[in-house]
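K.L.:
Top line first, the protein sequences correspond to chains X and Y.
Take 1 as the starting number for the first sequence in my numbering and just add one per residue.
Take 326 as the starting number for the second sequence in my numbering and just add one per residue.
Any given hint might turn out to be false.
[To be verified] Simulated restraints on C-beta separations:
| no. | chain 1 | residue 1 | chain 2 | residue 2 | range |
| --- | --- | --- | --- | --- | --- |
| 1 | X | ASP17 | Y | PRO420 | 32 to 42 Å |
| 2 | X | ASP17 | Y | LEU450 | 54 to 64 Å |
| 3 | X | ARG278 | Y | PRO420 | 45 to 55 Å |
| 4 | X | ASN150 | Y | ALA498 | 24 to 34 Å |
| 5 | Y | ALA335 | X | HIS154 | 45 to 55 Å |
| 6 | Y | ARG331 | X | MET101 | 46 to 56 Å |
| 7 | Y | VAL445 | X | ALA147 | 56 to 66 Å |
| 8 | X | SER157 | Y | VAL445 | 41 to 51 Å |
| 9 | X | SER258 | Y | ARG331 | 56 to 66 Å |
If you're looking for bench data, these hints aren't it; they were derived computationally from the structure.
Backbone N, C-alpha and C define an ideal beta-carbon position, used for all residues, glycine too.
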Amino acid sequence: MTPLLEVSDLNISFPRDGAPLVPVDDVSFMVSPGELVALVGESGCGKTLTGLALPRLLPRGAVLGPRSAVRFDGTDLTRLSERELRSYRGRRIAMVFQDPMTSLNPVMRIGTQIAEAIHAHRKVSSRDARERVLALLAEVGIADPPARINAYPHQLSGGMRQRVLIAMALAGQPDLLIADEPTTALDVTVQAQILELLDRLRAARGMAVLLISHDLGIVAGRADRVLVMYAGRIVESAATAQLFAHPAHPYTRGLFASIPRLDATTTRLTPIRGTVPRPDQWPDGCRFHPRCPVAVSRCLTQRPPLELVAPDQRAACWVAQGAAT
Amino acid sequence: MTRLARVGLAILTLLAAFAIVGPWIAGDPNAQPDPVNGSLLLPSPAHWLGTDQLSRDIFARLASGARISLAVAAIAVSVAAVFGSALGLAAGAAPGLAGRLLQRLIDLGLALPRIIVLLVVLAALGRMHYVLLGVVLGATGWPAVARLVRGETLRLRHAQYVAAARALGAPPARVLWYEIFPGTLPAVLVASTLGLADAILLEAGLSFIGVGIRPPEASWGGMLYEARDYIGSAPWLVFIPCLALVAATSAATLLGDALRRSLQPETR
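Bound-form chain X, shown alone (with noise of 0.2 Å):
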């Protein structure tokens, strides 16, 4: 299948004094249609940034290397102008931030901005424009659509706002859904209902949806294919199952070590020794070497690339691909 998506050797830095800071390294990966992508790391790894990328809002400052590329249905986006960037976000590709208090106006109702999500695409009368607003509603699964199009977003808890800014997602019928840790401002248990809610409608609408998130638990039941990030790079790429029942990077099995289960008869967790090292302060070789139990000298020189390991899984670890060959 051709990719919906295909990042290639995307580089954000930094400019400063002294070498650029570069919290996005060569990152490469595809979505294809209707595909459900989980991008999983730690706080400060650069999943954010790669997220924000892609419909090119990064924050001021930040620099795409030059050979960054974001091919989005055969255009690569890093060459358009903003003008002509516009026509892809939110028609094309939609985001969903992490927090829902804040991601809605407080001073607009509801019913308004996600009208306002609709007129900015396309030129629709006021009374088709509610109609769709209803129907958006309805299908982000809020109750009783008509007595809530008025809402402030203050009168709505943080699952409803987070079904709004989905519903505001939806409005322009995106290919590509980028949702920011969209659950990680919520209960556990309407965690649940947003993830499920994100699947039904890419399932319904064909959507691909790019999930970043922290928590390799949650992406679990519902994505096709896990990226885990360390420290700027993807350092491993599999299919769901196959990463969960062989994961081939340390630091991915480092990840499950740490996340508790149901079914295992130890007490006691293994955490992953060390923490996240600084942009500044990212090492040699494999980032991940000082943190790593199983590595060997040439990963203290030299980076791993991201190559095959398993069918269907990619890791980039020298140990990992030495076992594989």
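Guided by the hints, dock chain Y onto chain X, whose structure is given.
P.N.:
Chain Y alone, transformed into the frame defined by chain X:
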């Protein structure tokens, strides 16, 4: 709403009603029924608040002055709010050089001493209709509003919901008008309500100096100006307009403070 805010709102409402209805029931503020025997009279059933040195009815002049003084202040505040908001939004949203130039323009406006500019302009323009006076006062009051709105615009530009709107492809003009502009309104409303007290005092001061509302037209400041020679012999001529000024300005301040507390709790 606190009790003090209710008091402030009630006083302002009463004064506004007085300014609208008063001149109709009080008669001609410039009539001089009996300049020889009827001047400087104490309050009586015929003249509720007494008469001034020219035998003019003080209640009628107070009512007429209320209409003029409050209208001038309201117009001044409105003009400053509209003009200042437009400029502040533009300065906060315009990228690069244009934004910096607009910011310098606001700085320039803030640097000019308002009262001196007004003295020069009003002395040069001479007698004018009170609506025009309100516009002139407003035309010198915009820099403070513009600075405030620029700051709010810069703050709101980084709000998550503005980023969300951009992410959904909203063009910059729509983002500015639908997402950012409504967010600046609370600050403008608070500043304008508090500014109402300033504008009332400014008009009174200018009229007292003689360059604002000029005799024989009545304004509260002008009444003080005309009464200053009689503070010993007929002190109520001074007290009555003073009382009106104190009531109006403190009511506006009370209401403005209450609005600030409820609309901008973070600045408390």
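K.L.:
Next step is simple, just say for each hint if it's right about the structure.
P.N.:
To see whether the hints hold, each was checked on the structure:
no., hint, result
1, X:ASP17 - Y:PRO420: 32 to 42 Å, "violated, 25 Å"
2, X:ASP17 - Y:LEU450: 54 to 64 Å, "holds, 56 Å"
3, X:ARG278 - Y:PRO420: 45 to 55 Å, "violated, 31 Å"
4, X:ASN150 - Y:ALA498: 24 to 34 Å, "holds, 26 Å"
5, Y:ALA335 - X:HIS154: 45 to 55 Å, "violated, 29 Å"
6, Y:ARG331 - X:MET101: 46 to 56 Å, "violated, 32 Å"
7, Y:VAL445 - X:ALA147: 56 to 66 Å, "holds, 59 Å"
8, X:SER157 - Y:VAL445: 41 to 51 Å, "violated, 59 Å"
9, X:SER258 - Y:ARG331: 56 to 66 Å, "holds, 58 Å"
In this structure, the hints that do not hold are numbers 1, 3, 5, 6, 8, in rising order.
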